[in-house]
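Listed below, chain by chain, are the residues.
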Amino acid sequence: RKEVEQDPGPFNVPEGATVAFNCTYSNSASQSFFWYRQDCRKEPKLLMSVYSSGNEDGRFTAQLNRASQYISLLIRDSKLSDSATYLCVVNRRGSQGNLIFGKGTKLSVKP
Amino acid sequence: NAGVTQTPKFQVLKTGQSMTLQCAQDMNHNSMYWYRQDPGMGLRLIYYSASEGTTDKGEVPNGYNVSRLNKREFSLRLESAAPSQTSVYFCASSGRTGGDEKLFFGSGTQLSVL
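Residue numbers (this note's numbering), protein chains in the order written: chain A, 2 to 112; chain B, 61 to 174.
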């Protein structure tokens with residue numbers, strides 16, 4: 002099993018749609034969790050951290066289920082500008098430098 | 061505040077040539093990283109440096125060397141480039157903000173080895 006697995010995508014949705022991405026991780030010692038966004042031919046940028054209690058930032062909601070080793074990202078009211086690849090990132094406990102990236106899920110929001 | 065700056069943005073090498081990718085950060089971060097990103101493979105860690113004077117291998121270190129010149133700078137060297145090293149390379153640094161250790165990336169170097 003890969004250490005971090007994401008929905009294969011691509012997701013093609015109309016503007017205004019709600020879309021959810023899922024991510025599972027295999028190492029139960031994982032400590033921190035993040036969603037990064039990467040535009041085509043650009044560097045990844047932090048979208049949001051993921052906390053155990055769940056957290057929201059505008060139209061974006063992230064959730065963590067430690068028991069199931071599962072992370073999700075929900076985007077409400079999708080905009081054209083949300084089109085990008087979304088990377089799930091997991092930090093292993095006690096392992097400096099061991100931020101493990103999922104392969105990413107590509108989202109295309111259409112007019 | 062430039063964040064993480066890496067050079068060059070593009071490079072074409074012939075097999076066997078050498079080159080150094082430069083990276084500098086102005087956020088006073090202790091940790092710095094070099095990743096490569098290939099289609100279908102995601103981001104993979106080549107080397108990282110937890111602090112000035114230390115470096116450690118990541119997932120795919122073969123064919124690369126690194127130098128943590130000072131707190132700001134972390135360079136990646138290809139001594140004898142191979143076509144398998146054709147990739148997009150990202151430098152990153154990490155710092156603790158809001159309780160989490162967060163990564164900040166440079167804009168990337170697209171390297172082609174012919």
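Take these hints with a grain of salt, some might be off.
[Unchecked claim] Here are the simulated PhoX-like cross-link-like pairs (lysine-lysine), alpha carbons at most 20 Å apart as the crow flies:
#, chain 1, residue 1, chain 2, residue 2
1, A, 43, B, 69
2, A, 46, A, 104
3, A, 46, B, 69
4, A, 43, A, 3
5, A, 107, A, 3
6, A, 80, A, 46
[Unchecked claim] Only some residues are given here: those of chain B computed to face chain A with a beta carbon under 7 Å:
#, residue
7, 102
8, 150
9, 160
10, 162
11, 165
12, 167
13, 168
[To be verified] From the derived model, a few chain B residues whose C-beta atoms are all more than 10 Å from chain A:
#, residue
14, 101
15, 103
16, 122
17, 137
18, 154
For the record, the hints were derived by calculation from the structure and aren't laboratory data. Each residue gets a CB set at the ideal place from its N, CA and C atoms; glycine is no exception.
Checked hints:
no.	hint	result
1	A:43 to B:69	holds (11 Å)
2	A:46 to A:104	holds (15 Å)
3	A:46 to B:69	holds (18 Å)
4	A:43 to A:3	violated (25 Å)
5	A:107 to A:3	holds (19 Å)
6	A:80 to A:46	holds (18 Å)
7	102	holds (4 Å)
8	150	holds (6 Å)
9	160	holds (5 Å)
10	162	holds (6 Å)
11	165	holds (4 Å)
12	167	holds (5 Å)
13	168	holds (5 Å)
14	101	violated (7 Å)
15	103	violated (4 Å)
16	122	holds (17 Å)
17	137	holds (18 Å)
18	154	violated (8 Å)
Going down the numbered hints, you'll see the structure goes against 4, 14, 15 and 18, while the others check out.
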